[in-house]
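Whole structure, please, built from the sequences with the hints as guidance.
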Amino acid sequence: ETGVTQTPRHLVMGMTNKKSLKCEQHLGHNAMYWYKQSAKKPLELMFVYSLEERVENNSVPSRFSPECPNSSHLFLHLHTLQPEDSALYLCASSQELAHYEQYFGPGTRLTVT
Amino acid sequence: DQQVKQNSPSLSVQEGRISILNCDYTNSMFDYFLWYKKYPAEGPTFLISISSIKDKNEDGRFTVFLNKSAKHLSLHIVPSQPGDSAVYFCAARPISGANNLFFGTGTRLTVIP
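Chains R and H, in that order, give the protein sequences.
Taken in order, the first sequence gives residues 1 to 113; the numbers are from the working numbering.
Taken in order, the second sequence gives residues 114 to 226; the numbers are from the working numbering.
Worth double-checking, as some hints may not be accurate.
Claimed, not checked - Among the chain H residues that face chain R by a calculated CB cut under 10 Å, a handful are:
{"#": "1", "residue": "VAL117"}
{"#": "2", "residue": "LYS118"}
{"#": "3", "residue": "LYS151"}
{"#": "4", "residue": "ALA154"}
{"#": "5", "residue": "PHE215"}
{"#": "6", "residue": "GLY219"}
Calculated from the structure, these hints are not laboratory results.
Where a beta carbon is used, it is the ideal one built from N, C-alpha and C, also for glycine.
Below, the structure is given as structure tokens:
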């Protein structure tokens, strides 16, 4: 595998379910990001990790819980989501935290029913 | 309020002609700008960037122009090819201290053979 991978690619979950999104980067990068893209809206940054430490949390509801066990893996744990949380969730990585160029995964299309 | 705007949701261009994608921003503290390209079912991929100290950056068929006084940047693709058909996102980064990239909503480019 090369680049940034995300699993699953599609997920349908009920509002009472608990699920996790997984991201893995094979680029040796030190920073990883979660973005949310809702229909007709720009990408919104959710979380930023640098060397497994969370450095930014952009006012994201607690029903989204990130985890970064090492610099190659990033998870987004989901619980008691709302239908308005349905969106494309994109993971990205960059060489360093301040590095401008970010490499994106293909995203997970999440539908909350 | 959106800080990066792409006011044209779509653009169609004949193969071989020039494609011009536009982006406006409101925050004068942005100092670095990027263009990303996204194919269906894939994550955005970095295309070209420009620092605020320049007004032009060229890479093959792709040229980005920056007009700081107008807070406007544009991406020129010439000659346009059918493989260029994708959604193009403009992104901007504030002066150091922030970990965020602010994205536009994207412009879907269709190059007609």
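Going down the list of hints, with the structure as the test:
1. Taking 10 Å as the C-beta contact cut-off toward chain R, the hint placing VAL117/H at the interface holds, the least distance being around 7 Å.
2. Residue-level restraint check for LYS118/H holds (minimum Cβ-Cβ distance to chain R is 9 Å; threshold 10 Å).
3. Annotation: LYS151/H was flagged as interfacial toward chain R, and the flag holds, the nearest CB pair being 8 Å apart, inside 10 Å.
4. Restraint check, ALA154/H versus chain R: the minimum CB separation of about 6 Å is within 10 Å; hint holds.
5. Against a cut-off of 10 Å between C-beta atoms, the interface hint on PHE215/H holds, since the closest Cβ of chain R lies about 7 Å away.
6. The beta carbon of GLY219/H is positioned within 10 Å of a beta carbon in chain R (closest approach about 8 Å), and the interface hint is therefore held.
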